[in-house]
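Undergrad: What follows is each chain in one-letter form.
There are 2 protein chains.
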Amino acid sequence: MMKTLQVDVAIIGAGTAGLYALREVKRANKSFVLIDKGPLGTTCARVGCMPSKVALHAAELWSMRQEQKHYGISGVEQLEIDRAAAWAKVRAMRDDFAGGAADNAIKSAGEHLLMGEAKFLEPTVLQVEGEDGIQRIEAKAVIIAVGSRPVVPSFLTPFSDYLITTDKLFELEKLPKRLGLLGLGVIGLEMGLALQRLGVKVVGADMAKAIGGIRDPEVAKYALQAFADNFPMFLGESAKLEEAEQGVQLVSGDNRVTVDKVLVALGRRPNIDKLNLAEAGFKLDERGMPEFNLNTLQIEDYPVYLVGDANAYRTLMHEAAAEGAIVGFNASRDLPQAFERKTSLAIAFTQPDIISVGASFTDLDEDETLIGAAYSKNDGRSRILSSKEGVLRIYADKKDGRLLGAAMVGARAEHLGQYLALAISQKMTAHELLAAPFYHPVVEEMIQSALQDIARKMPESPYPFGLTVMN
Amino acid sequence: MMKTLQVDVAIIGAGTAGLYALREVKRANKSFVLIDKGPLGTTCARVGCMPSKVALHAAELWSMRQEQKHYGISGVEQLEIDRAAAWAKVRAMRDDFAGGAADNAIKSAGEHLLMGEAKFLEPTVLQVEGEDGIQRIEAKAVIIAVGSRPVVPSFLTPFSDYLITTDKLFELEKLPKRLGLLGLGVIGLEMGLALQRLGVKVVGADMAKAIGGIRDPEVAKYALQAFADNFPMFLGESAKLEEAEQGVQLVSGDNRVTVDKVLVALGRRPNIDKLNLAEAGFKLDERGMPEFNLNTLQIEDYPVYLVGDANAYRTLMHEAAAEGAIVGFNASRDLPQAFERKTSLAIAFTQPDIISVGASFTDLDEDETLIGAAYSKNDGRSRILSSKEGVLRIYADKKDGRLLGAAMVGARAEHLGQYLALAISQKMTAHELLAAPFYHPVVEEMIQSALQDIARKMPESPYPFGLTVMN
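Residue numbers (the working numbering), protein chains in the order written: chain A, 134 to 604; chain B, 134 to 604.
These are calculated hints, taken from the structure and not from any lab test. Keep in mind that the hints are not guaranteed to be accurate.
[As the list claims (entries may be wrong)] Among the chain A residues that face chain B by a calculated CB cut under 7 Å, a handful are: (1) S207; (2) Q211; (3) E213; (4) F364; (5) L374; (6) E375; (7) N404; (8) K475; (9) A492; (10) Y508; (11) H548; (12) L555; (13) F571; (14) P574; (15) T601.
[Unchecked claim] Covered stretches of chain B (in silico footprint by chain A; criterion: 3 or more residues with CB under 8 Å from a CB of chain A, positions within the stretch not fixed): (16) 180–191; (17) 280–286; (18) 437–445; (19) 453–465; (20) 527–541; (21) 562–573.
[Claimed, not checked] Computed list of lysine-lysine pairs in DSS-like fashion (alpha-carbon distance at most 30 Å, straight line): (22) B/K510 x B/K407; (23) A/K202 x B/K532; (24) B/K416 x A/K159; (25) B/K373 x A/K222; (26) B/K163 x A/K334; (27) B/K240 x B/K301; (28) B/K273 x A/K240; (29) B/K373 x B/K163; (30) A/K240 x A/K159; (31) B/K159 x B/K202; (32) A/K560 x B/K202; (33) A/K560 x A/K354; (34) B/K590 x A/K590; (35) B/K159 x A/K475; (36) B/K159 x B/K301; (37) B/K240 x A/K510; (38) B/K416 x A/K310; (39) A/K407 x A/K136; (40) A/K590 x B/K252.
Glycine included, each C-beta is placed from N, C-alpha and C at the ideal position.
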């Protein structure tokens, strides 16, 4: 007979969201089981944010030689990169981060870690098939933290020998010489640039006309300029693959380039399709998604929670962590609590970086919004960092100057993103933020310039920008 | 007879403070004269923040080769630096920045720029001696923005042939081979590290036991470790110079090193000693400083204002700019207005950077303060950036967790300084700041870790750290 386990909380998935949920469940002294089908280690550490940053760092070290020349450094032409060795170092650091994440799961869950594949029988009853057979789990609450996987559209199936997804990229022992890149969103752009800078011949394509998912047309224009010399990008048309004598052809409009491998970066889809949700009684929409509340993360009125990449809302590590805490808290209590969502923040570490904070350009009512801009070419520190192709645009409410959002491409933009997210979450106005200290020379002075641009478009203030009268 | 000029506002000094003051005077439609003894160009652009950052950037490009090796890049040993060419590039960028600052003065003041040396005859009457003779200026208000110069103690006078100050460093056409460094505060440390990384053999000495002016003992310890391999630092004893066969000897305790030049970085003193202040009726203290209000910058009850490096309060470019706006505003009005001072922020761009924000460690009452710490070696992004010797310490009020100050040595600390200055100026608590988004992997996550460290020392919160209950 099937073994039955009764717990307060069953968590499906030992990734970032699941582990942050577990922490709250333990803090509430609830019994639990943490189910994972393996391999352990978070998406972020195994195939996502961490290894991509290592690859970008390696790429920066190598591409730095162009700038070294300008400062009297000779012999730069004789430098060589052993791509295999560079990639091995990237993978070694990846293994280190991923190993740490896996250990974390094992330590946190202890004997309550159950390796196996979970399916719903009823909203709070699971069946888990693992190496030790099948178990039935009866839980008071269930957390669905099953993560996501790369989308690979069916038209690519005939070329599967040539395809790599970001989930497999860091498994490669050897980098291809020529790489086609399908999808120039944040992930595609980051990896395409890293590999191109490491010496891979890259060509990319995207249906969208902007790269990096940029919504602001001015920022999109500058981003295209900033990366124009890196590799050819075929934009605004759907691309396809065709057979070639050696390798495979990436075809977009009249463009046709033969490559050895194709990196598919067309987005990720939630891993909820194998959970048997419909059969267990959950209502699913046309995309197969259950209905859930963004502030409690509860599905319908069940004591069941959908979290992290699995809910496809904000598929970012820091959001998965926050959502994990929300559902761990809620699954441990009789009534779910609604929590505020964080100010949205997205960063592409593309050097120059691309960021989007708070409201995006396409969310705004043009008539109600002031836009302040600052340009890298006018910023002292950006010039020192040899970064001239950048722009920051900050959006504010015309009524009172309250900051709504921002977008940027430029050197060190990741840090400006953090800073602006704080200011926006504090509901600050342009004038209020101008009162903060802006050191010199720091790239954050671009924020000051853009805020002054906004302030100049507002009714004139009696006091100089950035000064606060004492009471 | 002496020509007499009557103006609303006389500004002495066309540096950062003077030019920011001028902007407000013009905005108030007051008549003015801008007096400068030359050369034009701000301290920041000519000899301070800007050229030092260029030198540090050049130094980073050169020292980068150590890390390049770890990522499969070979031929690094064959790289050579032409120090003269590197220095020429630094100086060329310096000339560009300084030229821009000088042009700015000329454009802003137009025909009201008067080149010459000013002295006070009475509190609002000046005498200016220039190439075109002597002029008398009768003003309704006077702004003293005369800047500062490096301190060179008299015991160094016999060795003047060997001495360089930061005011002259960027005039050097050739870098010395061996450099002694007197003073390891922010400026000494920045320039010492830049020159050492560019290949100069540097040795430094300071009476203080901490480098970079660090007050927090834990941060001071980590900073010493971080820079231990750069060059010898003789600390905690007063150093002196002695004659040598070739060059000059830097002597500190039992240490004795022969060098070619000595960079004197023992601080700067206000240029107010030549203004004839006492004779004109101002009361001076034992250090020769007039008494002024920190929020109006007014001297006694005169319509005379002391601003920028000249008042020796916060000798930083961004503070000079803010003070300039204050005095430009006040000098244009009958009654001076008191303004809030900005949250204090100091950055040494030493890579790893050193920062101090808000209240410093020595200002705090140990019994009333919680300290939260985070270490670079535990931070993913810092590890990717090969920065392991860092620590961030955040100080909060034990009563309510309100943030008071912070100190750090670590990679990208300049950006964490900006961020923390904003949070402190907003009077945020540790719990409130935890609700902001912290992307992954960013060095700002060290702030999150240090805040969690503080939060764990406070009475337990019912909700997970970083979550805000919806109303």
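Undergrad: Hint numbers the structure violates, sorted upward?
TA: Those not satisfied are hints 4, 5, 6, 7, 9, 10, 17, 18, 20, 22, 23, 24, 25, 26, 28, 29, 31, 32, 34, 35, 36, 38 and 40.
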